[in-house]
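Number of protein chains: 2
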Amino acid sequence: MMQIPIGVSNRHIHLTKEDLEKLFGEGYELTSKKELSQPGEFAAEETVTIKTEKSEIANVRILGPIRKATQIEISKTDAFHLKINAPIRSSGNIDGTPGITIIGPKGELTIEKGVIIAERHIHMTTKDAETFNVEDGQYVRVKVSGERELIFHQVLIRVKDSYALDMHIDTDEANAAGLKTGDKGEIVK
Amino acid sequence: MMQIPIGVSNRHIHLTKEDLEKLFGEGYELTSKKELSQPGEFAAEETVTIKTEKSEIANVRILGPIRKATQIEISKTDAFHLKINAPIRSSGNIDGTPGITIIGPKGELTIEKGVIIAERHIHMTTKDAETFNVEDGQYVRVKVSGERELIFHQVLIRVKDSYALDMHIDTDEANAAGLKTGDKGEIVK
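Order-wise, the sequence lines are chains A and B.
In our numbering, each residue's number is its place in the first sequence (first place is 1) plus 858.
In our numbering, each residue's number is its place in the second sequence (first place is 1) plus 858.
None of these hints come from the bench; they were simulated from the model.
Any given hint might turn out to be false.
Any copy will do: because identical chains look the same in the list, a pair fits if it lies in one copy or spans two.
[Claimed, not checked] Using 27 angstroms as the maximum straight-line C-alpha spacing, the simulated DSSO-like pairs for lysine-lysine come out as follows: (1) Lys1042 / Lys892; (2) Lys1047 / Lys1001; (3) Lys1001 / Lys1018; (4) Lys892 / Lys926; (5) Lys941 / Lys909; (6) Lys964 / Lys875; (7) Lys964 / Lys880.
Keep in mind the model is a prediction, meaning the values are calculated, not measured.
Make a model of the complete structure from these sequences and hints.
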């Protein structure tokens, strides 16, 4: 059975060019701190603070490059801390999600929507999808081993030829399963 | 299939009489704030702060009644925050676990061991064990449903006639599975 590498996503934010400039100044460009598993994606040196009426979290990492919509991905633990009712959504599916205030070194802004808890998912190429006999949009089950062994159900398959094979889970899911980035899972029937 | 009620355990501390008195004063007795699912157990009004060299967490709830050994149960998220290497252990199994400083209103103390991440487990009576066809110390798999459906493996069965049927998971596990206290799980083969 081919194994799938696991990547643990800490809370992070994707920004539009416009929102990046509001937070960091006109013409600002992100600096890459570290390349991510998906080709072209990177964790930036830059961070912001996210703030609700009740609470806030500092040092939220920006992931680059800039996107068409600003989106913040947090864990359910973060959602309790912020007292925000963020739904579980696949990336990009932000209609009807709550907004939040974002604070950068040169300004702040309040978005009307965009805070989600990311639905666990596997990025793969068309060729990987053939190998695993799955298709884009399908939900599969993934078994992980170790002290906190479990089988994740409801794992979304996302297929694009520019993707690299990687299963993304958030920190709650990683902690519940005793996983860290680089561990492996396998699709089970 | 008989269902098992789920109880989500937030971080908490059990204290010996001696440690309670060091933190709250001589002859101090805990006040019950809320009865817990296990007969005789309660969440106390009283809380403490737990502190490592790197970080601390305030408002850690004391669970009563007093016990023979002081023990602190945190989540892996808490362990990262505190920068403490707490192992996954069943309650009471604290040899070789890290210590921590505990701060109360009348004093503080440093324990040499006792910080664990609780191993997920199901409390049940002998009669429940017969019904489920399991025995004390056995590990089972428990399926939970919903948006973040999954099957927990490595769930420890704990049998005692004074127990009430209840599966205990921590906040990371609850968040990863989208569960709250009162939700149900079922043992699967």
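Problem - Hint numbers contradicted by this structure - result: Violated hints: none at all, because every hint is consistent with the structure.
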